[in-house]
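Residue strings, one per chain:
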Amino acid sequence: MSEHIRYNRNRRDFLTDCFCGFGSLAFTSMMAQEQARAAAYNPLAAKPPHMPDKAKAKAVIFVFMAGGPSHLETFDPKPLLNQLHGQKRPAEFGDVKYQNVNANSRILGTKRTFKKYGKSGLEVSDLFPYQSEIVDDICVLRSMHGDMVVHSAAQYQMMTGRVIPGFPAMGSWVVYGLGAEATNLPAYVVMPDSHGAQEAGVPMYTHGFLPAVYQPTMLRPGSKPVLNLDLPKGVSLAERRKTLDLIRGLNTATMVGEDQEFSARMSAYDTAFKMQTESPEIFDISKESKETQDLLRSRRSPHGRLCPALPAGPAFGRARHAICLRRLRRRRTARPSGTRTPISKAITSAWPAGPTSR
Amino acid sequence: MEVFDGRTCSSPAIAASSPTHAPQALEMLNGKTANDLADAFAGRLLKEHGPTNSMIDYAWRLATGRKPTLKEQTLAMQYLAAGPQDQKVVKEFALALLNLNAFLYIN
Numbered sequence: 001m002s003e004h005i006r007y008n009r010n011r012r013d014f015l016t017d018c019f020c021g022f023g024s025l026a027f028t029s030m031m032a033q034e035q036a037r038a039a040a041y042n043p044l045a046a047k048p049p050h051m052p053d054k055a056k057a058k059a060v061i062f063v064f065m066a067g068g069p070s071h072l073e074t075f076d077p078k079p080l081l082n083q084l085h086g087q088k089r090p091a092e093f094g095d096v097k098y099q100n101v102n103a104n105s106r107i108l109g110t111k112r113t114f115k116k117y118g119k120s121g122l123e124v125s126d127l128f129p130y131q132s133e134i135v136d137d138i139c140v141l142r143s144m145h146g147d148m149v150v151h152s153a154a155q156y157q158m159m160t161g162r163v164i165p166g167f168p169a170m171g172s173w174v175v176y177g178l179g180a181e182a183t184n185l186p187a188y189v190v191m192p193d194s195h196g197a198q199e200a201g202v203p204m205y206t207h208g209f210l211p212a213v214y215q216p217t218m219l220r221p222g223s224k225p226v227l228n229l230d231l232p233k234g235v236s237l238a239e240r241r242k243t244l245d246l247i248r249g250l251n252t253a254t255m256v257g258e259d260q261e262f263s264a265r266m267s268a269y270d271t272a273f274k275m276q277t278e279s280p281e282i283f284d285i286s287k288e289s290k291e292t293q294d295l296l297r298s299r300r301s302p303h304g305r306l307c308p309a310l311p312a313g314p315a316f317g318r319a320r321h322a323i324c325l326r327r328l329r330r331r332r333t334a335r336p337s338g339t340r341t342p343i344s345k346a347i348t349s350a351w352p353a354g355p356t357s358r
Numbered sequence: 359m360e361v362f363d364g365r366t367c368s369s370p371a372i373a374a375s376s377p378t379h380a381p382q383a384l385e386m387l388n389g390k391t392a393n394d395l396a397d398a399f400a401g402r403l404l405k406e407h408g409p410t411n412s413m414i415d416y417a418w419r420l421a422t423g424r425k426p427t428l429k430e431q432t433l434a435m436q437y438l439a440a441g442p443q444d445q446k447v448v449k450e451f452a453l454a455l456l457n458l459n460a461f462l463y464i465n
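In order, the protein sequences belong to chains X and L. Going by the working numbering, the first residue of the first sequence is number 1, and it counts up by one from there. Going by the working numbering, the first residue of the second sequence is number 359, and it counts up by one from there.
Hints were generated in silico from the structure; no laboratory data involved. Ideal placement from N, C-alpha and C gives every residue a C-beta, glycine not left out. Warning: the hint list may mix true and false statements.
Computed, partial: chain L to chain X, Cβ under 10 Å [as the list claims (entries may be wrong)]:
| id | residue |
| --- | --- |
| 1 | Gln382 |
| 2 | Ala383 |
| 3 | Leu384 |
| 4 | Met386 |
| 5 | His407 |
| 6 | Thr410 |
| 7 | Ser412 |
| 8 | Tyr416 |
| 9 | Thr432 |
| 10 | Ala434 |
| 11 | Leu453 |
| 12 | Asn457 |
| 13 | Ala460 |
So these bits of chain L aren't anywhere near chain X, every CB distance computed over 10 Å [as the list claims (entries may be wrong)]:
| id | residue |
| --- | --- |
| 14 | Glu385 |
| 15 | Ala398 |
| 16 | Leu404 |
| 17 | Lys405 |
| 18 | Glu406 |
| 19 | Phe451 |
Working from the sequences, and respecting the hints, build out all of it.
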């Protein structure tokens, strides 16, 4: 309610008394509406999943490596491709709809060899020999396909389901659908590549047409990953707590009756304060084992440190939906030896008993 | 402006929400713009209205267009007691005013 217009009595008093108390009969349904309204004002309240007995995932880490090696060279062998190597595309393949490819282009097979690993018998190429250690913990989807051959459009489709920008990314949808369990940490975080902007840009991972409350919190490279998380220079945490108490006190001083929207506003300020005091924990890898720390530090990008730290970090264990998005630096020449060991080792080190154990 | 549902060329305005969320609060409390404005606000208060009482009155008139209530006046006096002429204390006080519902929202 506004403090500019002073109400003598609040809505409830009025309803209770009006028409000799008849109005109070409507009170129960008013209460129900009020509660529904209260829920609507906290869009981040945790919501149950659609299949509570089957849903096991506590967090999602989405690593997007633009310019990574092709699926045909890693996890998706196509014997026919090697049979047709050096030939023109057969007519039954249909029209040529690829970028920089015409009817006279020839098919290029792969020089990699594939081997089946683990109980699942998943085929992995010789680029990733160490995957055999974790092959039964991974699931490879070979059924994905895109509608566009242009990189950016395909990236929008992968992240948002549409080939054009402006639609919410999957992280925003997850927060929209499931809310957030932790009140002291953002539910959806994005770590952009510290080496430069991504080809398809920001629309790949933002909230699109959803309200700003579902937008990702950006974890930027360097010592200050979250924007505005640090107090202004010269202001101590105790002083800031006093200022927040003053804001709450002043806002409450002029409030008449109840105001759910006001409560939501004040809780946003409380969350902001908690984020300032508790978030730094998740960027602290000093509590990890030495082996994990060495692996995390061995990566070239500062995000290389953060990204695997997320599932391992004890504070983040409380956040159900941590989604991280990262693009490894595009390499002109494939250097598999630079990636194969850290990836499998980082996984086995962060989850000693398998990815679903934490 | 993106944390306040401001729109860019790449994200169209189809739905916008009114509730405040944490990144907005962080922007209003720790953001450079908010703190620069609070600093300037505090400077103006100290320069134009020295005595604490009249300074509080003036601050409320500037931020909310009305006089403070007795309760508001009391809370402000208590807060400013830490250093009524200290730019740093008055700046935090000014920042609090910029974060008031009465300043931020149109009712």
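Assertion that Glu406(L) lies farther than 10 Å from chain X (Cβ): Answer for Glu406(L): holds, closest chain X Cβ roughly 21 Å.
Satisfaction of the Thr410(L) interface hint, Cβ to chain X closer than 10 Å: 15 Å, violated
Ala398(L) and chain X, when compared Cβ to Cβ, separated by more than 10 Å: Per Cβ check, Ala398(L) is outside 10 Å of chain X; nearest 14 Å; holds.
Supplied contact hint for Leu384(L), tested at 10 Å Cβ to chain X: Nearest chain X Cβ about 4 Å off; hint holds.
Evaluation of the interface hint that places Ala383(L) against chain X, nearest CB under 10 Å: OK, holds: Ala383(L) within 10 Å of chain X, min 4 Å.
Hint check, His407(L) versus chain X [nearest Cβ-Cβ separation less than 10 Å]: 19 Å, violated
When the least beta-carbon distance from Ser412(L) to chain X is tested against 10 Å, hint result: Constraint on Ser412(L) not satisfied, violated at 18 Å.
Proposed interface contact between Tyr416(L) and chain X, which counts if any beta carbon pair is under 10 Å: Check failed: Cβ of Tyr416(L) comes no nearer than 16 Å to chain X, outside 10 Å.
Interface hint for Met386(L), Cβ within 10 Å of any Cβ on chain X: Holds - the Cβ of Met386(L) comes within 10 Å of chain X, reaching about 9 Å at its closest.
Interface hint status, Ala434(L) versus chain X (Cβ within 10 Å): Where the cut-off is 10 Å and the nearest Cβ of chain X is about 8 Å from Ala434(L), the hint holds.
Status of the Gln382(L) interface restraint (C-beta, 10 Å, chain X): Since the shortest Cβ distance to chain X is 7 Å, the answer is holds.
Consistency of the no-contact label for Lys405(L), given chain X and a CB cut of 10 Å: 20 Å, holds
This entry does not satisfy hints 5, 6, 7, 8, 14, 19, going by the numbered hints stated previously.
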